[in-house]
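Start from the sequences, fold in the hints, and give me the full structure.
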Amino acid sequence: MTLKKYGKTYSSYGIKNLSVKFHKDNDIETTKFGCVGSLEDEMETRTITKKCEGIVAKSVTRGTGHGTIKISAHINYDVFVRVYGMYFEDLAVGVYAYGQDSKHEEFTLTGEVLDEDDIKKFVAYPNCVVSSGVATKIENGAEEVAEVELEIEVFPDEHKRGKYEALEALLEDENIKSKWMTNFNYDLVKAAGSAVTAA
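Quick note on my numbering: the sequence shown kicks off at 5 and runs consecutively.
Wrong hints could be hidden among the right ones.
Okay, derived cross-link-like pairs now, SDA-like style, lysine to any residue, Cα gap no bigger than 20 Å in a straight line [what the hints assert, rightly or not]: (1) Lys8 with Lys141; (2) Lys54 with Ser42; (3) Lys36 with Lys164; (4) Lys8 with Glu153; (5) Lys141 with Arg66; (6) Lys164 with Arg50; (7) Lys20 with Glu153; (8) Lys12 with Asp161; (9) Lys25 with Asp82.
Read the hints as simulated data drawn from the structure, not as lab findings.
Take a look at the structure:
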């Protein structure tokens, strides 16, 4: 792979069009997450050290593909009941519940990040699950509607990667640009002729 350089700073300023694609039943439809107020992510690392006579002589740090995302948003209700596993066949249509049998659904999360000059960057987390429980805050007379806060756990995909990103300005493949938000997967973004396979 040839490293294509951007040559400028990029400061993430805003995020829009955050979308969810559920893995269950091989869903092909992408659903808008909602109106996002903030997104914060942190990917984990693992550091291996080599000591000589009790002193660290060398260290190597690598990503693990695992991480966490914190989101504050006015979430799409259809997304809300699915990420928390709130729908059950024994309940009447329109009734949802949360309890011991609620299994949080796995999904892919994609979004478009903008810098202060509206330069677009695509992001994708291919293997996510909400790790926090249902939490609601209702305040009568409040001047602003409270956002829902969610914590999401990010797991590495079959290629050991938990987060993908691409500056639109560096992308040469129009297919990637047009399908990133609706059909993100490894096959979409792998280099032509790549022989990399799942480990």
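Hint check results:
no., hint, result
1, Lys8 with Lys141, "violated, 46 Å"
2, Lys54 with Ser42, "violated, 39 Å"
3, Lys36 with Lys164, "violated, 26 Å"
4, Lys8 with Glu153, "violated, 36 Å"
5, Lys141 with Arg66, "violated, 39 Å"
6, Lys164 with Arg50, "holds, 13 Å"
7, Lys20 with Glu153, "holds, 17 Å"
8, Lys12 with Asp161, "violated, 30 Å"
9, Lys25 with Asp82, "holds, 12 Å"
Hint violations for this structure: numbers 1, 2, 3, 4, 5, 8, all remaining hints satisfied.
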